[in-house]
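Asker: One-letter residues, chain by chain:
Protein chains: 2
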Amino acid sequence: MNITSPFSVNQTWLRCMQCGSIYSLLAERQFRCPCGGLYDVEHDFSHIPTAGELKYLFNLRMGGFNARPEPWEQSGVWRYRELIMPFLPPDQIVSLAEGNVPIVRAGHNLREWTGVKNLWLILEGMTPTGSFKDYGMTALMSVAKAAGIKAVACASTDDTSASAAAFAAAARIKCSVLMPAGLVTAVQGVHPAIHGAFIIMLPGSFDDCMRVQQELVANYGVYPANSLNPARIEGHQATAFQIAHYFGWNMPSWIASPVGNGSNCSSVGKGMRLLKERGFVTDTSRILGCQSEAACPLARSWSNSDRTKKGWLECYQPMEVGETTATAARIGNPVSKDKVIREVIASNGAMEIAMEGMLNEAVAVCGSDGIFVCPQTGTALAGIRRAVYRGVIRPYDTVVAVSTATGLKFAESATRHLEKKIVRLDNCNTSSVAKILQL
Amino acid sequence: MNITSPFSVNQTWLRCMQCGSIYSLLAERQFRCPCGGLYDVEHDFSHIPTAGELKYLFNLRMGGFNARPEPWEQSGVWRYRELIMPFLPPDQIVSLAEGNVPIVRAGHNLREWTGVKNLWLILEGMTPTGSFKDYGMTALMSVAKAAGIKAVACASTDDTSASAAAFAAAARIKCSVLMPAGLVTAVQGVHPAIHGAFIIMLPGSFDDCMRVQQELVANYGVYPANSLNPARIEGHQATAFQIAHYFGWNMPSWIASPVGNGSNCSSVGKGMRLLKERGFVTDTSRILGCQSEAACPLARSWSNSDRTKKGWLECYQPMEVGETTATAARIGNPVSKDKVIREVIASNGAMEIAMEGMLNEAVAVCGSDGIFVCPQTGTALAGIRRAVYRGVIRPYDTVVAVSTATGLKFAESATRHLEKKIVRLDNCNTSSVAKILQL
Chain Y
0 MNITSPFSVN
10 QTWLRCMQCG
20 SIYSLLAERQ
30 FRCPCGGLYD
40 VEHDFSHIPT
50 AGELKYLFNL
60 RMGGFNARPE
70 PWEQSGVWRY
80 RELIMPFLPP
90 DQIVSLAEGN
100 VPIVRAGHNL
110 REWTGVKNLW
120 LILEGMTPTG
130 SFKDYGMTAL
140 MSVAKAAGIK
150 AVACASTDDT
160 SASAAAFAAA
170 ARIKCSVLMP
180 AGLVTAVQGV
190 HPAIHGAFII
200 MLPGSFDDCM
210 RVQQELVANY
220 GVYPANSLNP
230 ARIEGHQATA
240 FQIAHYFGWN
250 MPSWIASPVG
260 NGSNCSSVGK
270 GMRLLKERGF
280 VTDTSRILGC
290 QSEAACPLAR
300 SWSNSDRTKK
310 GWLECYQPME
320 VGETTATAAR
330 IGNPVSKDKV
340 IREVIASNGA
350 MEIAMEGMLN
360 EAVAVCGSDG
370 IFVCPQTGTA
380 LAGIRRAVYR
390 GVIRPYDTVV
400 AVSTATGLKF
410 AESATRHLEK
420 KIVRLDNCNT
430 SSVAKILQL
Chain B
0 MNITSPFSVN
10 QTWLRCMQCG
20 SIYSLLAERQ
30 FRCPCGGLYD
40 VEHDFSHIPT
50 AGELKYLFNL
60 RMGGFNARPE
70 PWEQSGVWRY
80 RELIMPFLPP
90 DQIVSLAEGN
100 VPIVRAGHNL
110 REWTGVKNLW
120 LILEGMTPTG
130 SFKDYGMTAL
140 MSVAKAAGIK
150 AVACASTDDT
160 SASAAAFAAA
170 ARIKCSVLMP
180 AGLVTAVQGV
190 HPAIHGAFII
200 MLPGSFDDCM
210 RVQQELVANY
220 GVYPANSLNP
230 ARIEGHQATA
240 FQIAHYFGWN
250 MPSWIASPVG
260 NGSNCSSVGK
270 GMRLLKERGF
280 VTDTSRILGC
290 QSEAACPLAR
300 SWSNSDRTKK
310 GWLECYQPME
320 VGETTATAAR
330 IGNPVSKDKV
340 IREVIASNGA
350 MEIAMEGMLN
360 EAVAVCGSDG
370 IFVCPQTGTA
380 LAGIRRAVYR
390 GVIRPYDTVV
400 AVSTATGLKF
410 AESATRHLEK
420 KIVRLDNCNT
430 SSVAKILQL
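Chains as they are written, first to last, in numbering that gives the first Met the number 0: chain Y, 0 to 438; chain B, 0 to 438.
Wrong hints could be hidden among the right ones.
No copy is singled out in the list; a pair is fine if it fits within one copy or between any two copies.
As the list claims (entries may be wrong) - Straight-line alpha carbon distances no greater than 27 Å define the calculated BS3-like cross-link-like pairs of lysine-lysine that follow:
hint, residue 1, residue 2
1, K173, K419
2, K434, K419
3, K309, K54
4, K54, K173
5, K173, K420
6, K309, K275
7, K173, K116
8, K420, K149
9, K54, K149
10, K434, K309
11, K149, K309
12, K275, K308
13, K434, K308
If you are wondering where the hints come from, they were derived from the structure by calculation, not from laboratory data.
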């Protein structure tokens, strides 16, 4: 570590969750331990204020509404900065006022459809780039800025590239995005370009893009913005902090979220453990991880196992993914699998598989209450319904579903599903319209 | 008025801005006075708390973060409900937790491009259906619910139909949307269907849709959710209230917004006049109304006139619209023109025309700071730049631009603009990628 670093390895560090080795967060570029293990970010919390003092502070930061020149002062992530990145100087924070989202009670139709009366949604799509990725990306890009990074890269077909490009723009860091030509929609391809990212389409698969990105990191000094980078988990813990704060520091019975690469479960789990360790809450929620039947390596192995960590790991096998509208979670071998397993087991949680028809129906039911969610959110909602049916979730439990993105980002798949519902008339007579509307 | 009405015509009423006649808000369906004038909603404010008491209350409502079962308790619109709809009982409010959006200082690039150091953006796209329409629609649908309405209809190709469908769903009111077949994109067509709206495509123009809608209202008892309905203006005043609140009840020098049918300027102007009358602020902001060169009937007539209300009205003529990426404001004869003229003149404001190239450039510059806005927001930003160039806005003025929607809703037009920036490689070699990235 050089002397100008914003924090030392005694304050914030990386620890391999497999072999326990410690590394510098600011110096690291590969984000995979030589032993093959994933890293956790850890902090020395011995000098932060008490839970009582912090609760007061967190409330204070929500209060009033004053001209605050820095976007992080309106962020629902950095509101909890003593828990997220306690040693990061505020002038290193890269923020777009992200994560100040509503937590709403589900509407009539969704409550009835799932069978959960006390069902809530945290609408993480109401954030700058329209998906939960902003929660983690604000932390990743802040670490990149603190580390003096000049260029980041990611290989991504989905929300990650848009979020990385937006936060890199805010940080004035160059960003390049590698995508497989012909395998992304026009809008997916262009969203990062809006933020000035350099987009390169490769004539190969997503795996080819990933390999090129890793070689850029290893040989050309580029910083990776992908899921292996555990700084993203730190920011994304705010999901757990917001839910705890909202419910008066009493965790709900369950938090349900879709599982793609696994960052949602990993972040919620790590955040809840921290809240309990630091005395913010006495109990943690049980995590319900939900996967579509097309891409359910974790849910399938969980249900085949004896539901212990060891048994689950033994049953786990990557899978060949099928077709699903929940494309953003269409992953056969999740990067953060070990963290998902750790957190689901630690929270006494469960996994569910959402049938393809059910996850699309969940999006439609949610829409019929006025809320347009992405198909991945549909996976979580269908998982809740199934868990109720199987008696895992009880009808009177309080359940929070993580809505990971706005449906607007996946409008094309919704189009296919609903176009048949549009009525096309062959005349412009009001009486014809009135007849169809049964007026 | 029947006896079960939530408020009487002595508490909240409609007044024709032309002839002064008074009508019942709950009983009205046509929303155009027999004399041809537009209606304003007016309230008896004589019994509401003082400005000082309300400021305290508004702050209190932002503070803390507690499980609030009703979405309106997290709404950035209904936070100001004593000013918006003081006699509406809370159980009649139809809300999706809308309008709790950030106001952020513009990034480096946009500040430099416009020439305004003290430039801010209110990001009204970070709301449930992705556009500012939610601000007004929550008020309209609440009035519809209070009036016992069973079915609403709108003729719209744009954000209005999506917002109407979402809030109708939340209110459990039937919604039908009339669209001209072949003149809307697939996503525009399907978004209202997500919320269960009945979508009817007519083989005609947008004007045919409008005529059928008006006949449904006149002859079949359907309630109109269109721009003529002034309840929308009431909710949308929250833009002015939020800006005032944010800047400590000192209005910025200028508020700039795009002008389509004119509801933005009308709402901001009416809201500011109310704030001044009730003693919340001592001065109001000057309104800068901005139109694209393709659809600038108000800006063109303003600049040809002597800048008095009478002179402007004399110069005004509807125009044949041209092509523009700012499609949501591609309107040759704005419905609320008389209100725009009233508010721009009352605020000592101005109008600007944004060249097509400049409004697209504005979206790109804003994107390069990490914020993806719609082309209509681009119109406002390009208008600010031009007003600075012409000496109307001074470089040290505080300016707030209203960002009316997220760019995600207009990603298709952004795609056309940026596709040429994507690099397509003919191999998957890391060295080729590194060369392009100049690493």
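Asker: Next, verify each hint and record whether it holds.
Answerer: Going down the list of hints, with the structure as the test:
1. K173 x K419: between (44 Å within a copy, 19 Å between copies)
2. K434 x K419: Answer is within; shortest intra-copy Cα gap is 19 Å, inter-copy 48 Å.
3. K309 x K54: Classified as neither: same-chain Cα gap 37 Å, cross-chain 58 Å, threshold 27 Å.
4. K54 x K173: For K54 and K173, the Cα distance exceeds 27 Å both inside one copy (37 Å) and across copies (43 Å).
5. K173 x K420: Between copies only: 15 Å across, 44 Å inside.
6. K309 x K275: Within one copy only: 24 Å inside a chain, 68 Å across chains, cut-off 27 Å.
7. K173 x K116: Intra 47 Å, inter 24 Å, cutoff 27 Å: inter-copy only.
8. K420 x K149: between (50 Å within a copy, 21 Å between copies)
9. K54 x K149: neither (36 Å within a copy, 45 Å between copies)
10. K434 x K309: Neither. Shortest intra-copy (63 Å) and inter-copy (46 Å) distances fail the 27 Å Cα cut-off.
11. K149 x K309: Neither. Shortest intra-copy (42 Å) and inter-copy (57 Å) distances fail the 27 Å Cα cut-off.
12. K275 x K308: within (21 Å within a copy, 64 Å between copies)
13. K434 x K308: For K434 and K308, the Cα distance exceeds 27 Å both inside one copy (60 Å) and across copies (45 Å).
Hint violations for this structure: numbers 3, 4, 9, 10, 11 and 13, all remaining hints satisfied.
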